[in-house]
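Chemist: Given two chains presented individually in distinct reference frames, assemble the corresponding complex, making use of the accompanying hints.
Chains as they are written, first to last, in the working numbering: chain W, 1 to 113; chain A, 1 to 114.
Bear in mind the hints are in silico, worked out from the structure with no lab data behind them. Watch out, some of these pointers could steer you wrong.
Some chain A residues close to chain W (C-beta under 7 Å, calculated; not the full set) [said to hold, decoys possible]:
hint, residue
1, 32
2, 93
3, 100
4, 104
5, 106
Where a beta carbon is used, it is the ideal one built from N, C-alpha and C, also for glycine.
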Amino acid sequence: DAGVIQSPRHEVTEMGQEVTLRCKPISGHNSLFWYRQTMMRGLELLIYFNNNVPIDDSGMPEDRFSAKMPNASFSTLKIQPSEPRDSAVYFCASTFAPTDTQYFGPGTRLTVL
Amino acid sequence: GNSVTQMEGPVTLSEEAFLTINCTYTATGYPSLFWYVQYPGEGLQLLLKATKADDKGSNKGFEATYRKETTSFHLEKGSVQVSDSAVYFCALSGMNTGFQKLVFGTGTRLLVSP
Chain W
1 DAGVIQSPRH
11 EVTEMGQEVT
21 LRCKPISGHN
31 SLFWYRQTMM
41 RGLELLIYFN
51 NNVPIDDSGM
61 PEDRFSAKMP
71 NASFSTLKIQ
81 PSEPRDSAVY
91 FCASTFAPTD
101 TQYFGPGTRL
111 TVL
Chain A
1 GNSVTQMEGP
11 VTLSEEAFLT
21 INCTYTATGY
31 PSLFWYVQYP
41 GEGLQLLLKA
51 TKADDKGSNK
61 GFEATYRKET
71 TSFHLEKGSV
81 QVSDSAVYFC
91 ALSGMNTGFQ
101 KLVFGTGTRL
111 LVSP
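Bound-form chain A, shown alone (with noise of 0.2 Å):
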């Protein structure tokens, strides 16, 4: 079946750190990918996605590539801020009968300090 898998947190950095999350997958067919973020207390935001491999998404300076040949979706971010912290979600959607159910990863946290 269809699962992700991610890295182990919490990943702890400093302010203007580079941050990479990685992510791999494990799919039938070609499935889309995403990365979703959730502040605390609150729910979850789609932070970014890309539907077909080499596909790049991007959004508030982060960035993640779909490489297919490597089943992978890292999350990078070039300068990260106190106000990242959170916890990172890996999915990807799989299809079934027709409708979009996702599967996540268990969530990487990670904790930024000025």
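Only chain W is shown next, with the shape it has when bound in the complex (with noise of 0.2 Å):
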């Protein structure tokens, strides 16, 4: 069985551009997270969505952030415009609600100049 597909695995870009990062998740899951990991800040979860609605967005940094998922079976996470603090490893991960299980995608490397 495929699992949690994130694209792109790396991503360099330069200060002010803007970003996008995809992830398919589990079929037949209806709930994704998308978290964020840095050193110093460990694991931080930023959104998730249930049924393709978002839930809790309370992790999100600030404006220049924002995810949508326009169906079951994808989501994106896009920072315009990207800042060299934004450089960290972002994670989508799925599960079937109501169970507590998350699956991990391989996650995004983002590297901001």
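Modeler: Shown next, in the form of structure tokens:
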């Protein structure tokens, strides 16, 4: 079975550019989570969706970050404009609520120069 | 609010040594408890879980017991291998309007030398 798919795996961009990260959850899962991982702050939950609806976006750092889930098989996390402090590994995870085991994708390593 | 506290790393061991990584939690209600593992360059993978007090989760030689009286979920393995080198995250699930939201600890890096 295919797991959670994320693209790109690596992204290098310059400050001020728009960045879009993509995620395809496991088929049949109805909840999707976006996390950010850095050495300084560890693993942070940014936002999560249930049945394509954003439930909690309190972890989104600021207005430069936005996330969408137009259908059950696709989600995007956009940063516009990007800044060097956004450099991190971004993970997507999915599950079938109400079960609580989340399945993580391989992550996107973002570097903003 | 809910929180998880893990021991600071890195934990450095020789192959075949006994491993303990401490994890304590603060939560309302009766959360489920998890250990996730992250190998270099990869996402997190579920290692084991326990859903109620006194449950023992186990997988790949790792074990952890849900201790409600001490609010702990310590990870143990009797004999570690070099391939166990990774970062280990303790987590709990907090019900939030019916949807499962995991709260993670800061992670503990394990380094196993031959």
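Chemist: Check the structure against each numbered hint from earlier and tell me which ones fail, lowest number first.
Modeler: none
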